[in-house]
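Residue strings, one per chain:
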Amino acid sequence: MTKERFDFKDYIRPRFFPHMWCPGCGHGIVLSSLLRAVYELDLDKNDIVITSGIGCSSRISGYVDFHSLHTIHGRALAFATGVKLSKPELKAIVPMGDGDALAIGGNHFIHAARRNIDITAIVMNNRIYGMTGGQFSPLSGSGKKATTAPYLTIDREFDIVDLARSAGATFVARSTVFHAVECKDLLKKAITHKGFSVVEILTQCPTYYGRKNKEGDAIQMMEGYKNNTVKIGSKKLEDNPNLIQRGIFVEKTDVPEYCEAYDKIIQTAMKGKA
Amino acid sequence: MNNTNNIKFIQGNEACVEGAIYAGLNFFAGYPITPSTEIAEHLSLRLPQKGGKFIQMEDEIASMGAIIGASLTGNKVMTATSGPGFSLKQEALGYACMAEIPCVIANVQRGGPSTGNPTHVSQGDVNQARWGTHGDHAIIALTASNHQDVFNITVQAFNLAETYRTPVILLLDEVIGHMREKLIIPAPGELPVVERLRTSVKKGVDYHPYLPREDGRLPMSDFGGEHRYNVTGLFHDMWGFPSNDPKIVSELLRHLVDKIETNVNEIAMYKEYWLDDADYILISYGSSARSAIHMARNRRARGVKIGVLELQTLWPFPADIVREKCAGAKAVIVVEMNMGQMVTQVKNAVDNPHNVFLANRVDGELISPSDIKTLLRMIQGKGV
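Same order as they appear, the protein sequences are chains E and H. All residue numbers for the first sequence refer to our numbering, where the first residue is 1 and numbers rise by one. All residue numbers for the second sequence refer to our numbering, where the first residue is 275 and numbers rise by one.
If you are wondering where the hints come from, they were derived from the structure by calculation, not from laboratory data. Hints should not be assumed to be uniformly reliable.
[Claimed, not checked] DSS-like, lysine-lysine: derived pairs with alpha carbons at most 27 Å apart:
| no. | chain 1 | residue 1 | chain 2 | residue 2 |
| --- | --- | --- | --- | --- |
| 1 | E | K231 | E | K252 |
| 2 | E | K9 | H | K477 |
| 3 | E | K9 | H | K476 |
| 4 | H | K324 | E | K271 |
| 5 | H | K647 | H | K579 |
| 6 | E | K188 | E | K45 |
| 7 | H | K476 | E | K3 |
| 8 | H | K476 | E | K45 |
| 9 | H | K324 | H | K282 |
| 10 | E | K45 | E | K9 |
| 11 | E | K194 | H | K324 |
[Stated by the list, open to error] Residues from chain H that keep clear of chain E, each with C-beta distances beyond 10 Å, as calculated:
| no. | residue |
| --- | --- |
| 12 | N279 |
| 13 | T389 |
| 14 | T393 |
| 15 | V467 |
| 16 | L471 |
| 17 | K476 |
| 18 | P520 |
| 19 | D532 |
| 20 | N539 |
| 21 | E540 |
| 22 | M543 |
| 23 | Y547 |
| 24 | R571 |
| 25 | D645 |
| 26 | I653 |
| 27 | G657 |
Virtual Cβ for every residue (Gly too), placed ideally from N, Cα, C.
With these hints in hand, go ahead and build the complete structure from the sequences.
Okay, here's the thing in structure tokens:
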């Protein structure tokens with residue numbers, strides 16, 4: 001039974017708190033948006049499996065009162081694929097950092113998208129390896145400072161939206177932690193979507209990325225998200241075509257979902273047997 | 275007595291598939307690799323026929339991850355691979371050790387290191403099965419030399435995985451995997467099948483996923499059930515809550531090792547041939563045991579007091595059993611197709627390690643009875 005008001009205490013494990021994120025980290029806003037999305041969708045906590053890898057973002061799985069699987073670096077989507085295919089009635093949510101999802105886990109990311117298995121991947125993109133102390137990631141982009149790029153990075157960055165779209169994800173969206181309500185609404189749509197959904201959320205790491213690259217404190221970095229991003233289809237975008245776009249980029253409903261397709265294989269195989 | 279439908283003439287890899295189905299396998303994830311691929315091929319056909327799931331993943335690591343995820347929703351799970359793929363699976367295998375998740379990993383061994391000798395036989399992964407993943411841990415690894423035994427140890431692998439909540443490795447080899455011979459599939463109930471022990475803790479009552487019962491066993495609760503808990507590869511307390519408290523770290527590590535090492539005799543499977551009066555004992559396992567048994571039978575016919583101890587449980591190594599069986603022997607010859615991975619264990623186990631010799635072959639060919647005979651004659655002082 002849904003309570004009349006959202007209370008985060010209904011969705012967290014107090015035992016796991018205080019959380020381990022730095023002051024000013026954006027990840028708590030992602031957590032809050034996710035829990036509000038789950039509340040508004042009125043999902044049963046027993047029906048959700050949250051699977052994560054390694055990194056600051058991946059600690060989300062322990063904080064939430066769902067079935068939680070905190071796995072190894074980069075492989076969360078592979079573990080989640082086993083969870084989902086073996087019990088398709090469960091909701092599979094996979095929060096990942098940018099390095100976790102797209103460096104060590106890049107192969108699993110594109111293949112989960114290709115299969116269109118009904119998993120919601122949340123890429124918490126802070127453009128840095130935070131837990132290990134500020135090394136550049138495949139999302140840092142060139143010309144950035146990091147502890148492993150004292151002379152500035154020469155690596156180019158992925159565009160997560162383009163990558164997910166090309167790999168076959170059937171729902172792709174982007175937002176930022178400045179736009180917490182938008183985040184929640186996009187997560188609701190992603191979780192409800194039947195198929196592989198990707199939500200990229202730009203989230204600040206003032207401790208490493210911000211400090212190294214002189215982007216200021218958490219508030220200044222969040223102001224950056226406000227000023228440098230723009231909604232798809234907005235007037236502001238027409239005037240500023242180079243800003244980072246937010247919103248839903250892909251929403252396809254005509255691609256078979258993997259577990260449903262496999263159920264048809266079972267029907268065929270069982271018919272042949274009988 | 276025999277229904278002829280239950281008599282098959284098949285590959286060892288198929289015998290492994292039959293054993294897995296008999297044991298209740300209902301989820302398999304894998305990636306093609308010689309010489310194990312037939313396991314995946316046959317399961318892609320068989321599993322959906324019983325409502326189970328097969329998935330070909332994007333790589334070996336993903337396959338290992340997927341079976342761990344599927345085990346947590348309450349399924350008996352398996353993957354199959356060979357040397358290079360077994361290397362790739364090691365991190366996730368260690369995760370299954372740490373998080374105590376039942377699963378079975380078949381490694382149909384080929385020659386290594388690296389890409390090695392993909393279509394030829396080797397037993398070079400014995401030590402990797404023991405120590406492939408990082409950190410202290412205990413592991414169970416089983417092997418067999420004929421298809422009936424492959425079937426039996428496969429069933430037993432699932433039983434041990436469920437009993438001890440641990441990954442269990444099936445160390446087959448290329449000869450066993452690809453050779454065809456007869457298999458009689460036992461009737462349902464003929465072999466014991468251990469089902470998962472699930473918690474009896476009711477909804478609303480605290481469930482401690484990592485608090486062992488007095489007998490050391492950990493009843494599980496399926497993902498999707500009433501008990502929501504955390505599974506992690508970090509050291510964790512009885513709630514699954516990550517911890518670096520020295521007491522918790524030490525207790526968990528000791529629990530992971532002790533639950534298997536203290537049950538070494540219960541886990542030990544072996545076969546013995548003509549050991550009662552044996553002066554010479556051949557210790558072997560897997561396909562090389564076939565040559566050892568053949569050679570011993572022929573020597574027996576010529577009056578040589580020789581016997582064979584065929585190990586089916588390689589890890590945990592049954593040191594007490596090996597020591598007892600070898601107590602009266604003049605010489606012990608370990609027959610294996612590697613540079614001496616089991617012989618080290620045997621030397622450590624027996625009273626007189628100077629009388630332990632290695633008969634090996636590492637060229638991709640099956641070690642032959644005459645290879646072993648040559649060494650025996652040298653030990654006997656008869657020349658070759």
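> Does the alpha-carbon distance linking K324/H and K282/H stay inside the 27 Å limit?
Replying inline: The given pair, whose Cα atoms are some 20 Å apart, holds under the 27 Å limit.
>> Beyond 10 Å on every Cβ pair: is that true for D645/H relative to chain E?
In response: 42 Å, holds
>> Over 10 Å from every CB of chain E: does Y547/H meet that, or does the non-interface label fail?
In response: Answer for Y547/H: holds, closest chain E Cβ roughly 41 Å.
>> For a C-alpha distance cap of 27 Å, please report whether K9/E and K477/H respect it.
In response: 19 Å, holds
> Is the nearest CB of chain E more than 10 Å from the CB of T389/H?
Replying inline: At roughly 20 Å from the nearest Cβ of chain E, T389/H sits farther out than 10 Å, so the non-interface label holds.
> Is K476/H close enough to K3/E, meaning Cα to Cα at most 27 Å?
Replying inline: Roughly 24 Å separates the two Cα atoms, so the pair holds.
>> What's the verdict on K476/H and K45/E, does the C-alpha distance respect the 27 Å limit or exceed it?
In response: 17 Å, holds
> CA of K324/H to CA of K271/E, is that 27 Å or under?
Replying inline: 11 Å, holds
> Does L471/H really sit off the interface, with its C-beta more than 10 Å from all C-beta atoms of chain E?
Replying inline: Per Cβ check, L471/H is outside 10 Å of chain E; nearest 19 Å; holds.
> Given the proposed pairing of K9/E with K476/H, does the C-alpha separation stay at or below 27 Å?
Replying inline: Satisfied, since the Cα-Cα distance of roughly 23 Å is no more than 27 Å.
> Would R571/H pass as off the interface with chain E, using Cβ distances and a cut of 10 Å?
Replying inline: Label holds. Min Cβ-Cβ 42 Å, cutoff 10 Å.
> Do the alpha carbons of K188/E and K45/E lie within 27 Å of each other, as the hint requires?
Replying inline: Roughly 15 Å separates the two Cα atoms, so the pair holds.
Consistency with the previously given hints is maintained throughout, with no hint failing.
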